[in-house]
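Visitor: Chain by chain, the residues run as shown.
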Amino acid sequence: MFEIEIDGKIVNANPGENLITVTDREGISVPRFCYHNKLSVSANCRMCLVDVEGATKPQPACSTPVSNGMRVSTKNDKAKSSQKAVMEFLLINHPLDCPICDQGGECELQDVAMSYSSDVSRFNEGKRVIADSDIGPLIQTDMTRCIHCTRCVRFGAEIAGIMEMGGTGRGDSLKIEPFLQEGIQSELSGNMIDLCPVGALTSKPFRYELRSWQMNAVEGIARHDSVGSNIHIQTYKGKVKRVVARNNDNINETWISDRDRFSCDGLNHENRLQKPQIKYDGVWKETEWDTALVYSTKALLREVIDNKEESKLGALASNNATLEEYYLLRKLLKQVGSDNTDYRLNIKDLSNTINLDSNIKIKDIENIDYALLVGSYTRLEQPMINHRLRKSSLNGATIDVINSMSFNYNLPINSEYILNSSQIANLLARTLKAILLSKEQEIPGYLDKFKVSDADTQLANKLLSSDKSAIILGEHLINSDNSSNIANLISIIAEKTSSSTLNLSETGNSIAAKSTGFVPNENGLDANEMLASKMNAYILLDVYPKYDFHNSVSAINALRDEKTFVIALNSFKDSDVFDYADVILPISSYYETSGTHTNVEGEMQSFSAAVGSPKDIKPAWKVLKVLADLLDLSGFNYTDSSKVTSEAKQQIKQNIEHDREINLINTKGVEIIWQPSPYSTDALLRHSNSLQATKIGQLNTASMSASTAKSLKLSDTDNYLGVPVVISEVVADKCVFISSSNETISEKIS
Amino acid sequence: MISKKAKKQIDSWTEKYPANQKSSAVMEALKIVQLENGNCLNPELIQEVADYLDMPGIAAQEVATFYENYNHKPMAKNIIRICHNISCMLNGSDNLVSHLESCLGVKTGEVTPDGLICVKKVECLGACVGAPMMQIDDQYFENLTAKKVDEIVKSLRKEGK
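Chain order of the listed sequences is C and F.
Taking this note's numbering, the leading residue of the first sequence gets 1, the next gets one more, and so forth.
Taking this note's numbering, the leading residue of the second sequence gets 1, the next gets one more, and so forth.
Just chain C, with the same shape it has in the complex (with noise of 0.2 angstroms):
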């Protein structure tokens, strides 16, 4: 570390560190276009000139590199006159149409204008003129505003990982746009529009909504995946305007998906349950809130609780309901006597589910040198993650995939292994045993029958030597006959070879269901146990069976049952809902209720509600306190959230012992993989119209190899399950990956 000083003030500076670096650290503004502190330097705006001493022509701030004794000034007469000259260069072609663009108010350009540029323009000639192009659903452009400092190009090759702008022409004629006009495809794309100075790329859904300043910004937590994004939730009259990226270098850095970012576009969607209502009869009528609360606690007392003979009331709910709503609903069926409460309503089997500790932080993913990616598709599944590991790799980190498909993976993949699941199980097996031997240390029964090969070895070397390693586990497996045996062996091999582990099978928010013990224990039925035994009575907390359920079609007849009562609180319309309800209570969704959100690594984030309810629509732990309450149940006066969480903070279950028993099974007949799109996994991203235009938001493919459709006597013109089939090598043999925004027709998988 050394000294410099920067206008007159002396200053400590580290040795490589670029002048720009040092001011902002040291709160000395510079102003700036085209330098991001998380992208290349690419100093082309030159509107960062500074007065270095010593140097002739004054120097970019952004790509000077410190040095010991170093004079700067940013604010001398040199300096000043360099960037108001840059500053009339830049503006010479740009429209000054602030009036009628959207970025008007959080414009940089428009800022550094307002202190470095003259009130008159000397430009009396002719503006150039781009014409727009649609590059998708997300991202408005108005390219005559474009200044080229290429941060949108520099994003998209260095963070999102595919290039799909780019500058093409020269001179005067250089345009920034994408290849081809196919739209941008990348599931970060929205943070161009962060990123852009001006504007030329804004936000589609918002424009020509509201100004920056007219509305509020709320911090919140994306709780789409088990990320938990730091977002500011920005509000205006009480209704959610745009969401943006809120900074967090633990968690998403600048960054956050698209996923995150336009959900929101579903909050005011005509689908919108707007008042509680009751099935009298077979009709269903609108009423208050007394009216159906008291209606379901006297079912709930007739039905459950003076019930003499065998009672059985049963919870689920979907997995991204927040900590504080699994903890009230646990609670509420405890103190009436049931253990039955399940959020694992997509698996098939749940005596054989995935069982793996995540012991790595967000940001430490980046700092690894060798991965093993099983069943995933971080890129869709989990954008952020997907992010570090990216970074990981462009550190040198070597990854490795074992997957049933391959996939489009926007980082160099080392080997890729194609595999069903028997054989995926099989190939983790003969790995511990390589590790095994190689340690010298005892081989447990389930592994003499396997013969290591080199390959096996070689794969167990790479595990055994490197320092920081890491396997990850997806969502692909869930369902295979083998899940819980590639968790337990991913499990003990990650002990044998210091590796961590990141289960990303976790989804939304169900570490905190998990931790809340929102799974049934031994007194309990499951998700599946409860669907096939008669229950009395059911509390659903945003469940949305066709989506939702492993297998919808007798989910939807165990729910139909005329003595079963179901009290269905959701915050979107759905007709299977209206079909075995009894009473629908209209509950709050995404950002209109407090609560918290775990994390893969555990953080629990929690958040309050950026906007109120709608009229008539309650937040869902407060519907629970509140019926809870009228059944006389002790225990329940919060009077608010937070209570809620401290109290259910004090009991959190962090890692939940499990045995690691490994009984492997050879799967026969054809295995069916069906992995949502990633933009229909909750009810609010399926009503974000935005999104559902995406491509991701279009998936709608069943991938196999050209055998597997023989033997299923399908061609690429036909439909299986309902989605057109896709014939593809890079489809293990055997297997069908579906990758669909449909509902799930899964009467037939299972």
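Source of the hints: derived by calculation from the structure; they are not laboratory data.
Incorrect hints may have been included.
[What the hints assert, rightly or not] Here are the simulated EDC-like cross-link-like pairs (lysine to aspartate or glutamate), alpha carbons at most 20 angstroms apart as the crow flies:
#1 Lys22(F) / Glu562(C)
#2 Lys31(F) / Glu68(F)
#3 Lys285(C) / Glu562(C)
#4 Lys107(F) / Asp172(C)
#5 Lys279(C) / Asp561(C)
#6 Lys175(C) / Glu68(F)
#7 Lys496(C) / Glu286(C)
#8 Lys175(C) / Glu123(F)
#9 Lys615(C) / Asp194(C)
#10 Lys121(F) / Asp172(C)
#11 Lys120(F) / Glu151(F)
#12 Lys120(F) / Asp172(C)
#13 Lys7(F) / Glu28(F)
#14 Lys653(C) / Asp582(C)
#15 Lys649(C) / Glu603(C)
#16 Lys204(C) / Asp97(C)
#17 Lys363(C) / Asp249(C)
#18 Lys546(C) / Asp582(C)
[What the hints assert, rightly or not] Quick list of the computed label-pair ranges, beta carbon to beta carbon:
#19 Thr56(C) / Gly126(F): 24 to 32 angstroms
#20 Tyr446(C) / Ser24(F): 26 to 34 angstroms
#21 Ser415(C) / Gly126(F): 44 to 52 angstroms
Every residue gets a Cβ at the ideal spot worked out from N, C-alpha and C, and that includes glycine.
Since the structure of chain C is already known, use the hints to place chain F on it.
Guide: Okay, now just chain F, sitting in the frame of chain C:
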């Protein structure tokens, strides 16, 4: 489609660079493909070149649109590259361009109806001593006047027929 022959030619260039830096050969590859396709590129071909060299399509497009020597429309048999940088401009290249435009009846960048001639304004070709100047194929024509230009055009037309 890039022919096998062209791919072989491209390979001879990629061999000169490290294996993970195949994209270094993009300029030559585009040139080879353009020659094979009647002196003209199209988005599909650019994408193919990009795929062949393991680089994003847009990055190849950036190169293909940056340099004058890649054509994106069917090109004339003879391209007159006329310099419009400072020395030539001061010596009247603008007048020569408008003279060429009026005698050929097409604007710069356009091809004459007979497909013979196209005029392109290019950056400095390093022959300022003979400004104003232009280039046809590999030949430089210097110290141009309107009369000289007329003669050159006339001889091009003659050869063309």
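Visitor: Of the hints given before, which are not true for this structure?
Guide: Violated: hints 1, 7, 9, 14 and 20.
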